[in-house]
Structure formats: C-alpha cells, structure tokens
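Chemist: Sequence:
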Amino acid sequence: MNKDFKVLFLTNNDNTKELSDWLAGQCDVTLMQDKLTIEELRTISPDLIVSFNYRYIIRQDVIDYMNGRILNLHMSYLPWNRGSSPNFWSHMDGTPAGVTIHLISAGLDKGDILFQKKVDFDVNKETFVSTYDCLMREMIQLFIDNWQSIKEGTYQPYSQKEEGSYHCMKDLEEVEKICPFSWNDNIGEYLEKYRKALEEK
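So the sequence shown is numbered by my numbering: it starts at 1236 and just counts up by one.
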C-alpha cells in the first residue's frame, strides 16, 4: 500500500463501499459525505479526488485547486444521460447504456472522458435494479482495471463530441405522473405500459 498517495473519496451512497474499501488497500483514503469546502480541501491536501454517487455539485474553487485531478464516476455512457437517474433514462430514451470515468469540469457531467464501457441489455429479461447492479459492477471493475493509469495520470482525456442528453429529477417525477413504476419492474413490460399510458392521455 502506498500511504504517500492520498485520495479524497466523495460519496453519499453505501453502494460505493466496495470500491472505497478496495482503494483503501492501495493508498491513503479519506471518505467524505458532506459538501466539500476549499478550506477542508487544503487541510486534507489529496493527490486525487474521486467522486462516486456524490450529491453535491463540486465548487469551481475546488476544481481550480485540484488542477485536473478530480474524477467523477458516472453511471452512463457519456455524453448520453448526464444528470439524474442515467440508467433509467438509457432505457426510456433508447440511448446507449454504460459507465464512464471523466474529469470534473464546470458543466454537469461534461468533463473530458478518461475511460468508459458500453453495456448492452436485453430489456425483456432485466429490471431497472438488475441493470443498475450490473452497471455498478462494471464501474468498479473499470476503475480497478485502470487504477495505475489513474494514479499516475498517464491517461489520455478526450472531449465529449456529441450533445448527448441530460435529465433532472423533475423529469423522473413527470414520468411517474404518467405511469408509476417500481425499480423492480421488468423494463420491457414497463416501457410497453408507459407507451399505452401515453396513448390514453
């Protein structure tokens, strides 16, 4: 373990514990669930920040201080489905599903891409939960497989070429008004039920 390399791991979800535990076996890790301030950042003085299922928008002064050493782990195949509930929207919109590790920038989920993987699903055999769980495993493995490059900064970032798509929490609320759903719903069956609900409006 390299205790000389310090990572600040930002998260608000217990489902990231597998990765934070693995990372703690590689280097010195500080976990944070609260909103990060520049004062706290200066005190911790990490070599790298990893944001994974973190609810707060990272401030520009923090971004500037880290000078390109903040990564976000986003559960979509960027540039598709920036923002909220990306796995849900990949199925609703028929856009690519996958996982992406990208640099944090001023725009929400618009930073340069470091690593990503596209994941295909048979929606007639999957639920929203099962696809999410699959993407979580893929994300953790993508990070582990590329850890040495991430740590050393030897990756080659590339910009998001397409406009892609974005959704906020309100979009999900609007879907719920038309056709309520459960995360345990079979995706194919729900999509058909949603289509019928739209036709009946």
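Quick caveat, the hints were computed from the structure, so don't treat them as lab data.
In this text, all values refer to a predicted model and were calculated from it rather than measured experimentally.
For glycine and all other residues, C-beta sits at the position ideal for the given N, C-alpha and C.
Be a bit skeptical, because a hint or two may be false.
[Unchecked claim] Straight-line distance between alpha carbons at most 30 Å, and here's what the computed DSBU-like set of lysine-lysine pairs gives:
| hint | residue 1 | residue 2 |
| --- | --- | --- |
| 1 | 1386 | 1405 |
| 2 | 1353 | 1405 |
| 3 | 1345 | 1386 |
[Claimed, not checked] Derived CB-CB ranges, DEER-like:
| hint | residue 1 | residue 2 | range |
| --- | --- | --- | --- |
| 4 | 1393 | 1250 | 38 to 44 Å |
| 5 | 1247 | 1328 | 22 to 28 Å |
| 6 | 1369 | 1328 | 29 to 35 Å |
| 7 | 1270 | 1380 | 46 to 52 Å |
| 8 | 1424 | 1277 | 22 to 28 Å |
| 9 | 1302 | 1329 | 35 to 41 Å |
Chemist: Failing hints, ascending?
Modeler: Structure breaks hints 1, 4, 6, 7 and 8.
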